[in-house]
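Chains A and B, in that order, are what the protein sequence lines are.
When we follow our numbering, the leftmost residue of the first sequence carries the number 1, and every step to the right adds one.
When we follow our numbering, the leftmost residue of the second sequence carries the number 424, and every step to the right adds one.
Heads up, a few of these hints could be off.
[What the hints assert, rightly or not] Listed below are the simulated DSSO-like cross-link pairs for lysine-lysine, each with C-alpha atoms no more than 27 Å apart in a straight line:
hint: 1; chain 1: A; residue 1: K349; chain 2: A; residue 2: K370
hint: 2; chain 1: A; residue 1: K399; chain 2: A; residue 2: K370
hint: 3; chain 1: B; residue 1: K735; chain 2: A; residue 2: K418
hint: 4; chain 1: B; residue 1: K787; chain 2: A; residue 2: K399
hint: 5; chain 1: B; residue 1: K805; chain 2: A; residue 2: K399
hint: 6; chain 1: B; residue 1: K735; chain 2: B; residue 2: K787
hint: 7; chain 1: B; residue 1: K787; chain 2: A; residue 2: K423
hint: 8; chain 1: A; residue 1: K147; chain 2: B; residue 2: K787
For the record, the hints were derived by calculation from the structure and aren't laboratory data.
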Amino acid sequence: MDLLTLPEARSSWESVTFPGAVNSKFTSALTFEHPSTYPAIPTYRCTSPDGHIIDASVTPPPDALALSMYENMLSVSIMDIIMFDAQRQGRLSFYMTSQGEEGTCVGSASALEKEDVVFSQYREAGVFVQRGFTLENFMSQLFANRKDVGRGRNMPVHYGSRELNIHTISSPLATQIPQAAGAAYALKMQRLQNPELPPRVVACYFGEGAASEGDFHAALNIAATRSCPVIFICRNNGYAISTPTLEQYRGDGIASRGTGYGIDTIRVDGNDIWAVREATLKARALALKDGGRPVLIEAMSYRISHHSTSDDSFAYRARVEVEDWKRRDNPITRLRKYLENKNLWNDEKEAAARSRIRKEVLKAFGEAEKELKPPLRAMFEDVYEEMTPEIRGQMAELKEILDAYPAEYDVGEFEGGKESLVK
Amino acid sequence: MSRLLRPASRFVSSSAVRPVARSAFQSFPRIPAIVQSRAYAKESGVKDYTVREALNEALSEELELNPKVFVLGEEVAQYNGAYKVTKGLLDRFGDKRVIDSPITESGFCGLTVGAALAGLHPVCDKQWLRQEMQCEFMTFNFAMQAIDQIVNSAAKTHYMSGGIQPCNITFRGPNGFASGVAAQHSQDYSAWYGSIPGLKVVTPWSAEDAKGLLKAAIRDPNPVCVLENELLYGQTFPMSEAAQKDDFVIPFGKAKVEREGKDLTIITLSRCVGQSLVAAEALKKKYGVEVEVINLRSIKPLDVEAIVKSVKKTHRLLAVESGFPAFGVGSEILALTMEYAFDYLDAPAQRITGAEVPTPYAQKLEDMAFPNESLIENYVAKMLRL
């Protein structure tokens with residue numbers, strides 16, 4: 001009888017667990033796991049393409065909310081059309097539209113609380129609208145006028161809002177994902193120190209292309225291990241500029257990575273605004289459970305728009321493919337059908353709403369274009385908390401020049417004219 | 424990297440295009456005729472090339488000549504390159520050698536470094552088994568995601584492996600500010616890469632520079648950063664007959680005297696070379712002074728000898744570059760001049776650099792944040808007390 005057959009020794013041999021995979025059972029069958037062995041993660045939808053709620057457990061939202069969300073999606077889509085054309089006319093330097101993805105943004109934002117913190121990428125105008133960013137706010141940023149909180153230092157579409165708890169969009173891709181994990185960690189710690197604070201989560205938006213960056217992987221792992229209350233919302237729209245998902249990754253989308261990092265994960269139909277909302281509501285509750293944890297939502301959609309105004313996507317995809325998607329399914333028509341089924345909407349209301357929103361956008365556009373630019377003084381601010389003597393000197397010198405040659409410089413288009421340069 | 428930033432060339436879609444971010448507002452800095460009609464004008468067989476065409480020709484020649492060379496990067500194949508530098512290469516050389524990457528700078532940069540390292544096989548002739556990688560970044564601003572691979576792996580492995588593992592790789596892409604792309608996309612990395620032992624760094628200005636230096640970089644067995652400039656891609660330069668041939672290479676570490684002079688030396692690189700030449704010509708017209716303009720071409724290795732030689736002649740030195748002032752290429756040139764040519768100087772060596780501010784988005788402020796022709800001209804006039 002050798003040592004291994006002794007009952008005591010045998011049981012201890014079977015109960016060996018490696019610290020790196022404590023739940024793994026031993027097997028004597030040599031097989032490699034392959035994604036195709038498992039079914040693809042299903043896509044949750046609760047509204048049928050003809051606008052009926054098909055998940056009985058979902059309580060339809062109040063009609064007023066449904067209507068306002070519909071109008072918010074319309075606003076984004078109408079603003080997109082107008083601003084895209086305005087860029088083509090040379091009236092602003094750059095713009096990005098979000099056609100086809102309004103549902104993901106408006107739907108998820110409707111499930112967040114005002115005090116929740118948002119990190120976004122650059123195609124989330126719907127999140128901004130839903131959280132209360134006004135047309136004036138959008139236009140002020142796009143035209144970099146004095147009402148732009150970024151004071152004209154960013155390219156257009158890099159919106160941000162302190163009141164709405166949305167961090168300013170940053171150009172480098174995917175950097176917001178680990179930052180969101182960090183912000184969520186801070187929220188968690190703040191609440192531990194002061195239980196009076198309301199429970200808050202961070203919502204972090206990014207595309208499936210950004211999920212190829214190392215930052216994405218670092219973020220998911222650190223959020224999981226530090227139990228950060230963050231909802232990662234991936235807008236999988238099929239294209240990263242010209243790169244189709246087929247060349248972007250080989251696994252089962254982005255969702256399969258969530259489970260790999262030990263994160264609660266769901267894939268939803270991004271064209272189904274109620275599915276996105278419902279998933280985000282549940283995700284928020286999960287994220288706050290037991291002291292906090294991350295959740296990943298992969299919202300599937302199709303990027304109907306070009307990547308940006310610097311892109312012509314018909315160079316790498318067929319026009320007919322885009323037209324097909326437009327016709328077949330999109331978040332706006334799906335919600336419209338839902339509203340029509342409930343007799344909340346009709347052609348007349350649609351025409352009236354579209355014409356009203358169009359007018360509002362054009363009005364905000366016109367006003368923002370004419371608005372004064374940020375004060376001259378802003379040129380010297382925000383690198384140092386207090387201006388250094390050198391910077392003060394430069395500012396004084398500028399003032400002297402403007403005083404000496406009033407006919408040479410028109411400073412009327414800047415807020416406060418040259419008087420802003422007086423300390 | 425921000426995919427959001429698409430070189431504006433995109434918007435005019437497929438044809439070779441001017442990279443413009445604000446097409447509607449901005450007239451594009453064109454190189455004045457005076458620079459274009461340099462010494463080559465009378466030579467026979469001289470052709471006009473844009474920098475983009477020169478880079479494209481360099482790549483296609485090297486792909487043609489050496490089957491081990493391949494190109495990998497974002498949008499380099501299907502899309503013909505974000506700035507159309509790799510135009511036509513996919514059709515000509517196929518998807519085994521011109522390869523699109525997912526959006527992951529650290530991933531594809533690491534992959535190219537790994538492929539370059541794996542080219543070494545101790546039983547085979549290194550010369551032929553070596554993989555010659557060519558890694559394109561959409562801009563060097565995005566290469567920060569991958570800088571660890573460039574600095575810690577590509578640049579160091581040959582040394583740390585005891586000399587048995589060379590890393591034959593070329594990193595290339597636009598560097599420095601473009602126009603209207605704000606602070607996060609407007610940085611000059613010359614000083615960053617220039618400070619790393621183990622890297623070679625070149626900064627082409629003209630079409631000849633671009634072709635000769637890129638070809639030399641691909642052939643060089645070491646990791647080389649080719650720091651191009653987006654604003655130069657569309658500029659046209661004459662290309663001599665010799666440079667049009669497929670064996671044309673420019674040696675590293677040799678600066679080029681673009682304009683001879685006796686009163687003051689301007690040491691400069693990349694786009695500032697053109698600006699300095701314009702300033703030099705204006706100074707001659709206005710004051711009759713002869714300014715010598717030296718195009719560094721490569722900043723690591725740096726041609727100290729050329730600097731010293733010129734200072735011995737002119738006794739005054741001005742460094743012109745568009746990076747940030749602190750710890751920059753300009754500071755290095757001034758320090759070297761002080762160390763090796765102090766006794767020949769009649770006045771303190773000076774520098775013109777970019778302004779020490781996060782690059783402004785506002786167009787007029789952006790214009791003021793970097794050197795331009797009139798600034799160089801005025802500065803030289805001041806130095807020469809004209």
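Now for the hints, and whether the structure bears them out:
For the proposed pair K349/A and K370/A, the alpha carbon gap of about 32 Å is over 27 Å, so the pair is violated. Of the supplied pair hints, the one linking K399/A and K370/A holds, its CA atoms being roughly 25 Å apart against a limit of 27 Å. Restraint check: the Cα-Cα separation between K735/B and K418/A comes to about 48 Å, which exceeds 27 Å; the hinted pair is violated. A hinted pair counts as satisfied when its Cα atoms are at most 27 Å apart, and K787/B with K399/A qualifies at roughly 17 Å.
At most 27 Å may separate the alpha-carbon atoms for a hinted pair to count; K805/B and K399/A meet this at roughly 24 Å. Between K735/B and K787/B, the direct Cα distance comes to roughly 39 Å. Violation of the 27 Å bound is thereby established for this hinted pair. A distance of roughly 23 Å separates the Cα atoms of K787/B and K423/A; the hinted pair therefore holds under the 27 Å criterion. Of the pairs offered as hints, the one joining K147/A and K787/B holds, with about 19 Å between alpha carbons and a cut-off of 27 Å not exceeded.
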